[in-house]
Amino acid sequence: MSDHDSEFEPGERLDRFRLEKLLGAGAFGEVWLAMEEGDHGFRKRVALKILAKDQSDRRVEALLREARICGALNHPNVVDVSGVMRVDRCSFIIMEYVDGETLSAMWRDLEYLGLRFPRAIIVDIGVAVAEALYHGWKAVDAEGRPLKIVHRDLKPANIMISDRGMVKVADFGIAKVAPDHNVTRAGKLKGTPSYMAPELWSGTRDFRPAIDLWSLGVILWEMCTGNRFFGRASIAEIFDLVTNRDPKKEIDEIRGYFPELVPVLSRLLQRNPDLRYQDALEVARDLRLIRNGLGAAGDLLQFNRLLRAGRID
1 MSDHDSEFEP GERLDRFRLE KLLGAGAFGE VWLAMEEGDH GFRKRVALKI LAKDQSDRRV
61 EALLREARIC GALNHPNVVD VSGVMRVDRC SFIIMEYVDG ETLSAMWRDL EYLGLRFPRA
121 IIVDIGVAVA EALYHGWKAV DAEGRPLKIV HRDLKPANIM ISDRGMVKVA DFGIAKVAPD
181 HNVTRAGKLK GTPSYMAPEL WSGTRDFRPA IDLWSLGVIL WEMCTGNRFF GRASIAEIFD
241 LVTNRDPKKE IDEIRGYFPE LVPVLSRLLQ RNPDLRYQDA LEVARDLRLI RNGLGAAGDL
301 LQFNRLLRAG RID
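In terms of the working numbering, the sequence shown opens at residue 1 and continues consecutively.
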């Protein structure tokens, strides 16, 4: 964060929010930890996703759209959004503050310690993410109309692990909502190449759960092997690997570490979306069966504490 010149300073106020700490920054703007201060001594820590000042109307509308999408979601495994505001030419989303770290940060800690994810933790995270995706697909708007939300940018950096052992899917910024036909422009790829489903590379307009379930499959594969699914491949090389690499080799890498997961990953990583899982709830159910077969094992809360202790040491 020290390399980023922020537009704001700790202690600065945006309406009823007092900024405390810069949490992240990107092309869209910044994410700040803030204290919401209301009447009668009300205080609550929140995260503010702040769009950079003087942005185009298109950028502001994208932020508002993200808030509308997330506002329709209410699930323990989804980062909660409570509103959107505009103060002094500055627009921002008010979000639940998750006191923890991203899955990608947790992975870096494990690499530093020379460890890999325990099998029970892999499955627990997989179940939570699958249930979050299912909730998005089944969500309805204020009038009760189905939204059929597809995240489209599921990756370790968008999965939060709280210090209380909760898994939270974040950042529905490029999510696709079924009734919203004018968001994605033809010819533009949106998402993170390493986790994009093969059909997205082909320019599909058929946005359905199988897109996010491919991404979940890649994430589970990486957690099992401790390697990147596409290594350090360039975008052009990733397209070639998605198209031409033998899927059997990908699954063979799993057999030595977590053979019970092979049937699930074999379906999640199908190149043809019609052969993939079509329902995230079915993925969660299959993963739960695997988890039950693992017997008693430490949960995410215990794992977090052990990881933190190892990091401190």
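Honestly, I wouldn't trust all of these hints.
Below 27 Å or equal to it, Euclidean Cα-Cα: the simulated DSS-like pairs (lysine-lysine) are [as the list claims (entries may be wrong)]:
id, residue 1, residue 2
1, Lys44, Lys21
2, Lys248, Lys138
3, Lys53, Lys21
4, Lys148, Lys138
5, Lys21, Lys155
6, Lys155, Lys138
7, Lys148, Lys21
Just so you know, the hints here were simulated from the structure itself, not pulled from any lab data.
If you're wondering where the values come from, they're calculated on a predicted model, not measured in any experiment.
Checklist line | Proposed proximity, lysine 21 with lysine 44 (alpha carbon, max 27 Å) | finding: holds (14 Å)
Margin query: Against the 27 Å threshold, does the CA-CA distance of lysine 248 and lysine 138 hold or violate the hint?
Written below: violated (33 Å)
Check: Going straight from one Cα to the other, do lysine 155 and lysine 138 come out at no more than 27 Å?
Finding: holds (21 Å)
Margin query: Checking one constraint from the list: CA of lysine 53 to CA of lysine 21, max 27 Å. Satisfied?
Written below: holds (18 Å)
Notebook entry, point to check: Does lysine 21 pair with lysine 155 here, judged by a C-alpha cut-off of 27 Å?
Noted result: holds (24 Å)
Notebook entry, point to check: For the pair supplied as a hint, lysine 148 and lysine 138, is the alpha-carbon distance within the 27 Å limit?
Noted result: holds (6 Å)
Notebook entry, point to check: Do the alpha carbons of lysine 148 and lysine 21 lie within 27 Å of each other, as the hint requires?
Noted result: violated (35 Å)
Hint compliance for this structure: hints 2 and 7 are not met, and every other hint is.
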